[in-house]
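Model the placement of chain B on the given structure of chain A, informed by the hints.
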Amino acid sequence: MVKASGNAGMAPARVPGPACRINALPNDILHRALSHMDALQVVQTGVLSRRWRGLGPATRRQFHGMADTGTARERDVLFKAFVNRFLMLLPILNNMESLVTAPVLVGTGGIQVDNGAEYSIILTNLKLGEWCLEENFYGLIVFLGNSPTLVELTLKFIQGGYQSTAGRFLGKLGEI
Amino acid sequence: MAAPESGDGNNGAARMVTLISSDNTRFEVEAAAASLSQTLQLTILDGGGGGGDGIPLPNVDSATLSKVLEYCIKHAPAAANGGAPNATAVDRAELERFDNEFVNIDQSVLYSLIMAAHNLEIEGLQSLVAKKVADMIKGKSPMEIRRTLGFPDPTPEEQAEMNAHMLEYGWAYE
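Protein chains in written order, with numbering that gives the first Met the number 0: chain A, 0 to 175; chain B, 0 to 173.
Keep in mind that the hints were calculated from the coordinates and are not lab data.
Among the clues, some could well be false.
To be verified - Here are a few chain A residues that face chain B, going by a calculated C-beta distance under 8 Å: (1) 28; (2) 35; (3) 50; (4) 53.
Claimed, not checked - Computed far set for chain B versus chain A, every beta-carbon distance over 12 Å: (5) 14; (6) 22; (7) 24; (8) 27; (9) 28; (10) 40; (11) 47; (12) 50; (13) 51; (14) 68; (15) 72; (16) 78; (17) 88; (18) 97; (19) 125; (20) 137.
Given the structure is predicted, the values throughout are model-derived calculations rather than measurements.
Idealized CB from N, CA, C, for every residue including glycine.
The following block holds chain A by itself, in its conformation from the complex (with noise of 0.2 Å):
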């Protein structure tokens, strides 16, 4: 009962174990959890069980200083400002000594570029790549929804590779 290690190694097929523990965790702490993880890992907690598959759309970033909002349209028009934002970023972003990396920073609702400049956007964490170039940029929304504790961003840039992911979302965005 006291001793629960070695359990990645061998499952305990229908034992209660550890799961119970987790699951017994209220939703603020599990969201706390995610926070600490990139959106994909995010959407992978999604193979647990309903109530993890739940926690994306439970809770939501206030985003540009706008209220949770209700509609999946809503966040999508949001997440689409906030590449919009993305997108004003890289003239300053591409002036700086760096091209790989450009941290961004924060203190609460608020990131400050070096140049001063202000963005009201609250996220950490945040790996753009390939893969969250979908569609409806879903797996970005649930990093999103489920980052209630983002203090700092980090944006990075992959040296000679970010056109072609700025140009992706300019084709999302010609969509709008």
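Same frame as chain A, now just chain B:
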């Protein structure tokens, strides 16, 4: 005439408070350490927990409380410096080493610690244990995640739902 109550750790002798676990074990710690708990902070500011009184914590057993206090004692000096902006790299590295070691524990202990950190509202510890849970999940395949967290093998019905989920988010499972 002196007003030792109002000192914020600048007094000669640090003020002590007593915490009482659910199984009636008494722990005497510096008020500064116990005050990392938002829940306890006000009580302590009001002068509670001193003398023979003690603050009862009916939701935390002695094993867990002892672990929680180990964290608080370690982190109290840095917290007193307002997040230690002038902490040396060595100090920070030491805290990081301590934190990594601290959560290198059995899942059953971890879950007790998570609940205690939550109930006592100890921000740093809440963050640390949440990150530990995240780390247990990171970089694992779906079945590995289930096993790590101790989920039983899925029933056929659950398996069907899992499959539907994985199909819906195919991009996350490539």
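Going down the list of hints, with the structure as the test:
Nearest Cβ of chain B to the Cβ of residue 28/A: about 6 Å, under the 8 Å cut. The hint holds. At a threshold of 8 Å, the smallest CB-CB gap from residue 35/A to chain B is about 4 Å, leaving the interface hint in force. Because the beta carbon of residue 50/A sits about 11 Å from the nearest beta carbon in chain B, more than 8 Å, this interface hint is broken. The restraint placing residue 53/A at the interface with chain B is violated, with a minimum CB-CB distance near 11 Å, outside the 8 Å limit.
For residue 14/B, the shortest C-beta to C-beta distance to chain A comes to about 31 Å, beyond the 12 Å cut-off, and the non-interface label holds. Distance check on residue 22/B: its Cβ is at least 15 Å (rounded) from any Cβ of chain A, clearing the 12 Å threshold; non-interface status holds. Listed as a non-interface residue, residue 24/B keeps its Cβ farther than 12 Å from every Cβ of chain A; the least gap is roughly 17 Å. Residue-level check passed: residue 27/B sits 26 Å from the nearest beta carbon of chain A, beyond 12 Å.
The Cβ of residue 28/B sits about 24 Å from the closest Cβ of chain A, beyond the 12 Å cut-off, so the non-interface label holds. Residue 40/B, annotated as away from the interface, keeps every beta carbon of chain A farther than 12 Å; the closest lies near 19 Å. With a minimum CB-CB distance of about 26 Å to chain A, residue 47/B clears the 12 Å threshold, and the non-interface call stands. The beta carbon of residue 50/B is kept farther than 12 Å from every beta carbon of chain A, the shortest such distance being approximately 34 Å.
The non-interface label for residue 51/B is consistent with chain A: the shortest C-beta to C-beta separation is roughly 33 Å, beyond 12 Å. In this structure residue 68/B is separated from chain A by more than 12 Å, as the shortest Cβ-Cβ distance comes to about 20 Å. For residue 72/B, the requirement that its beta carbon stay farther than 12 Å from each beta carbon of chain A is met, with the minimum near 23 Å. Interface exclusion of residue 78/B from chain A stands, the closest Cβ pair being 17 Å apart, more than 12 Å.
Residue placement check: residue 88/B keeps its beta carbon more than 12 Å from all beta carbons of chain A (closest about 19 Å). Here residue 97/B stays apart from chain A, with its beta-carbon at least about 19 Å from theirs, past the 12 Å limit. Interface exclusion of residue 125/B from chain A breaks down, the closest Cβ pair being 7 Å apart, not more than 12 Å. A cut-off of 12 Å between C-beta atoms contradicts the statement that residue 137/B is not in contact with chain A; the least separation is 6 Å.
Checked against the numbered hints above, the structure breaks hints 3, 4, 19 and 20 and satisfies the rest.
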